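Visitor: If you want the building blocks of each chain, they are given just below.
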Amino acid sequence: GAVVSQHPSRVICKSGTSVKIECRSLDFQATTMFWYRQFPKQSLMLMATSNEGSKATYEQGVEKDKFLINHASLTLSTLTVTSAHPEDSSFYICSARDPAPLGTQERRYYNEQFFGPGTRLTVL
Amino acid sequence: AQSVTQLDSQVPVFEEAPVELRCNYSSSVSVYLFWYVQYPNQGLQLLLKYLSGSTLVKGINGFEAEFNKSQTSFHLRKPSVHISDTAEYFCAVTRQGFQKLVFGTGTRLLVSP
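Protein sequence lines, in the order shown, are assigned to chains Y and G. Residue 82 in our numbering sits at position 82 of the first sequence, with consecutive numbering throughout. Residue 57 in our numbering sits at position 57 of the second sequence, with consecutive numbering throughout.
Treat the hints as calculated values from the structure; they're not laboratory data. Values in this document were obtained by computation on a predicted structure and should not be read as measured data. Virtual Cβ for every residue (Gly too), placed ideally from N, Cα, C. Wrong hints could be hidden among the right ones.
[Said to hold, decoys possible] Derived lysine-lysine pairs resembling DSBU-like cross-links, with alpha carbons at most 30 Å apart:
{"hint": "1", "chain 1": "Y", "residue 1": "K41", "chain 2": "Y", "residue 2": "K66"}
{"hint": "2", "chain 1": "Y", "residue 1": "K14", "chain 2": "Y", "residue 2": "K66"}
{"hint": "3", "chain 1": "Y", "residue 1": "K20", "chain 2": "Y", "residue 2": "K41"}
{"hint": "4", "chain 1": "Y", "residue 1": "K20", "chain 2": "Y", "residue 2": "K66"}
{"hint": "5", "chain 1": "G", "residue 1": "K49", "chain 2": "Y", "residue 2": "K14"}
{"hint": "6", "chain 1": "G", "residue 1": "K69", "chain 2": "G", "residue 2": "K49"}
{"hint": "7", "chain 1": "G", "residue 1": "K100", "chain 2": "G", "residue 2": "K49"}
{"hint": "8", "chain 1": "Y", "residue 1": "K20", "chain 2": "G", "residue 2": "K69"}
{"hint": "9", "chain 1": "Y", "residue 1": "K20", "chain 2": "Y", "residue 2": "K64"}
{"hint": "10", "chain 1": "Y", "residue 1": "K55", "chain 2": "Y", "residue 2": "K66"}
{"hint": "11", "chain 1": "G", "residue 1": "K100", "chain 2": "Y", "residue 2": "K55"}
{"hint": "12", "chain 1": "G", "residue 1": "K58", "chain 2": "Y", "residue 2": "K41"}
{"hint": "13", "chain 1": "Y", "residue 1": "K20", "chain 2": "G", "residue 2": "K58"}
{"hint": "14", "chain 1": "G", "residue 1": "K58", "chain 2": "G", "residue 2": "K69"}
{"hint": "15", "chain 1": "Y", "residue 1": "K20", "chain 2": "Y", "residue 2": "K55"}
{"hint": "16", "chain 1": "G", "residue 1": "K100", "chain 2": "G", "residue 2": "K69"}
{"hint": "17", "chain 1": "Y", "residue 1": "K66", "chain 2": "G", "residue 2": "K100"}
{"hint": "18", "chain 1": "Y", "residue 1": "K14", "chain 2": "Y", "residue 2": "K64"}
{"hint": "19", "chain 1": "Y", "residue 1": "K14", "chain 2": "Y", "residue 2": "K41"}
{"hint": "20", "chain 1": "Y", "residue 1": "K64", "chain 2": "G", "residue 2": "K100"}
{"hint": "21", "chain 1": "G", "residue 1": "K100", "chain 2": "G", "residue 2": "K58"}
[Claimed, not checked] Pairwise CB distance ranges (calculated):
{"hint": "22", "chain 1": "G", "residue 1": "R108", "chain 2": "Y", "residue 2": "K64", "range": "30 to 38 Å"}
{"hint": "23", "chain 1": "G", "residue 1": "P12", "chain 2": "Y", "residue 2": "E22", "range": "23 to 31 Å"}
{"hint": "24", "chain 1": "G", "residue 1": "S28", "chain 2": "Y", "residue 2": "I12", "range": "38 to 46 Å"}
{"hint": "25", "chain 1": "Y", "residue 1": "G53", "chain 2": "G", "residue 2": "L56", "range": "25 to 33 Å"}
{"hint": "26", "chain 1": "Y", "residue 1": "L26", "chain 2": "G", "residue 2": "Y39", "range": "47 to 55 Å"}
{"hint": "27", "chain 1": "G", "residue 1": "E15", "chain 2": "Y", "residue 2": "T57", "range": "41 to 49 Å"}
{"hint": "28", "chain 1": "Y", "residue 1": "E22", "chain 2": "G", "residue 2": "K100", "range": "15 to 23 Å"}
{"hint": "29", "chain 1": "Y", "residue 1": "K14", "chain 2": "G", "residue 2": "T55", "range": "50 to 58 Å"}
{"hint": "30", "chain 1": "Y", "residue 1": "I12", "chain 2": "G", "residue 2": "K69", "range": "45 to 53 Å"}
{"hint": "31", "chain 1": "Y", "residue 1": "T17", "chain 2": "G", "residue 2": "I83", "range": "34 to 42 Å"}
{"hint": "32", "chain 1": "G", "residue 1": "T5", "chain 2": "Y", "residue 2": "N51", "range": "28 to 36 Å"}
{"hint": "33", "chain 1": "G", "residue 1": "S30", "chain 2": "Y", "residue 2": "Q29", "range": "25 to 33 Å"}
{"hint": "34", "chain 1": "Y", "residue 1": "H85", "chain 2": "G", "residue 2": "K58", "range": "40 to 48 Å"}
Model the full structure from these sequences, guided by the hints.
Guide: Following this line, the structure appears as structure tokens:
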């Protein structure tokens, strides 16, 4: 299956600093990537949809100026948490969607999102 | 809009026993359904998915799920669980055309010897 990586896997920072998290699709090109946030023992909440070459679409209630998303290439999306505070501490997970067209041998991936391993952010 | 309900937050079971994790969805349009597994401090791994066709879907690690349109359910089953199946399981739904996944709140499967 397709592989998605995230870096770093774990980060600890001081309150007020900014943190950048990278999400890469390693063996396919992803025109669409998704960023999720997961609080302890809770489900994944979609934060934003990132489309290559255009502005991200944020979900209601997500501050776009605080969570900056850049999708500059077909294999890389970044999430920057600006001026982080302790309440931003969470597990951040990205996913990438393989846009293989119907009718090709890659069709089995068409409706699938491939998830990264997640990044644990702790803000002190 | 779509929504997913996982009624059981935690399911304890003994090793080699069968298990069923329940998932009900709500949608006014046709949907695709998924089950994911998450091990501690890791991302999500797809267990199985229903897109169309046979309502009984077989996935990895011996899991299967049955799509029941009349009951709007997509319950996950395994006839004999292992200790290594201990993890968090998420049911998810998206409407056909595929963009956003909507996740349930998750069910923690605890397998003990």
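Visitor: With reference to the structure, classify each hint as holding or not holding.
Guide: Consistency of the hints with the structure:
Under the criterion of a C-alpha separation no larger than 30 Å, the hint pairing K41 (chain Y) with K66 (chain Y) is consistent with the structure, at around 24 Å. For a cut-off of 30 Å, the pair hint linking K14 (chain Y) to K66 (chain Y) stands: about 16 Å separates their Cα positions. A distance of roughly 24 Å separates the Cα atoms of K20 (chain Y) and K41 (chain Y); the hinted pair therefore holds under the 30 Å criterion. Restraint check for K20 (chain Y) and K66 (chain Y): the C-alpha separation of about 12 Å stays at or below 30 Å, so the hint holds.
Of the supplied pair hints, the one linking K49 (chain G) and K14 (chain Y) is violated, its CA atoms being roughly 41 Å apart against a limit of 30 Å. The straight-line distance between the Cα atoms of K69 (chain G) and K49 (chain G) is roughly 15 Å, inside the 30 Å bound, and the hint therefore holds. Simply put, K100 (chain G) and K49 (chain G) have alpha-carbon atoms about 15 Å apart, close enough for the 30 Å limit, and the pair holds. Taking the CA atoms of K20 (chain Y) and K69 (chain G), the gap is near 43 Å; set against the 30 Å cutoff, the hint is violated.
For a cut-off of 30 Å, the pair hint linking K20 (chain Y) to K64 (chain Y) stands: about 14 Å separates their Cα positions. Of the supplied pair hints, the one linking K55 (chain Y) and K66 (chain Y) holds, its CA atoms being roughly 15 Å apart against a limit of 30 Å. For the given pair, K100 (chain G) sits about 17 Å from K55 (chain Y) by alpha-carbon distance, which is consistent with the 30 Å threshold. As the CA atoms of K58 (chain G) and K41 (chain Y) are separated by approximately 27 Å, the hinted pair is consistent with the 30 Å bound.
Only pairs whose Cα atoms come within 30 Å are accepted, and K20 (chain Y) paired with K58 (chain G) is rejected, the gap being roughly 38 Å. About 17 Å separates the Cα atoms of K58 (chain G) and K69 (chain G), which keeps this hinted pair within 30 Å; it holds. For the given pair, K20 (chain Y) sits about 17 Å from K55 (chain Y) by alpha-carbon distance, which is consistent with the 30 Å threshold. A C-alpha spacing of about 21 Å is found between K100 (chain G) and K69 (chain G), which places the hinted pair at or below 30 Å, so the restraint holds.
Between the alpha carbons of K66 (chain Y) and K100 (chain G) the distance comes to roughly 22 Å, so the proposed pair stays at or under 30 Å and holds. Between K14 (chain Y) and K64 (chain Y) the CA atoms are separated by roughly 21 Å; this keeps the pair inside 30 Å, and the hint holds. At most 30 Å may separate the alpha-carbon atoms for a hinted pair to count; K14 (chain Y) and K41 (chain Y) meet this at roughly 24 Å. Annotation: proposed proximity of K64 (chain Y) to K100 (chain G) holds, straight-line Cα distance about 18 Å (limit 30 Å).
At most 30 Å may separate the alpha-carbon atoms for a hinted pair to count; K100 (chain G) and K58 (chain G) meet this at roughly 23 Å. Our hint of 30 to 38 Å for R108 (chain G) and K64 (chain Y) holds, since their Cβ atoms are close to 33 Å apart. One distance hint, 23 to 31 Å for the beta-carbon pair P12 (chain G) and E22 (chain Y), is violated here, with the actual separation near 38 Å. At about 44 Å, the CB distance of S28 (chain G) to I12 (chain Y) agrees with the hint of 38 to 46 Å.
Between G53 (chain Y) and L56 (chain G) the CB atoms are about 41 Å apart, so this pair departs from the stated range of 25 to 33 Å. The hinted window of 47 to 55 Å between L26 (chain Y) and Y39 (chain G) is violated, with their beta carbons roughly 20 Å apart. For E15 (chain G) and T57 (chain Y), the hinted distance range of 41 to 49 Å is satisfied, since their beta carbons lie about 44 Å from each other. Look at E22 (chain Y) against K100 (chain G): about 22 Å separates their beta carbons, and that is inside 15 to 23 Å.
For the pair K14 (chain Y) and T55 (chain G), the beta carbons lie near 52 Å from each other, so the given range of 50 to 58 Å is met. At roughly 47 Å, the beta-carbon separation of I12 (chain Y) and K69 (chain G) lies within the given 45 to 53 Å, and the hint holds. For the hinted restraint 34 to 42 Å between T17 (chain Y) and I83 (chain G), the CB-CB distance of approximately 41 Å keeps it satisfied. For the hinted restraint 28 to 36 Å between T5 (chain G) and N51 (chain Y), the CB-CB distance of approximately 30 Å keeps it satisfied.
Between S30 (chain G) and Q29 (chain Y) the C-beta distance comes to about 28 Å, which sits within the given range of 25 to 33 Å. A C-beta distance of roughly 45 Å is found between H85 (chain Y) and K58 (chain G), which places it inside the suggested range of 40 to 48 Å.
Of the hints listed earlier, those the structure fails to meet are numbers 5, 8, 13, 23, 25 and 26, in rising order.
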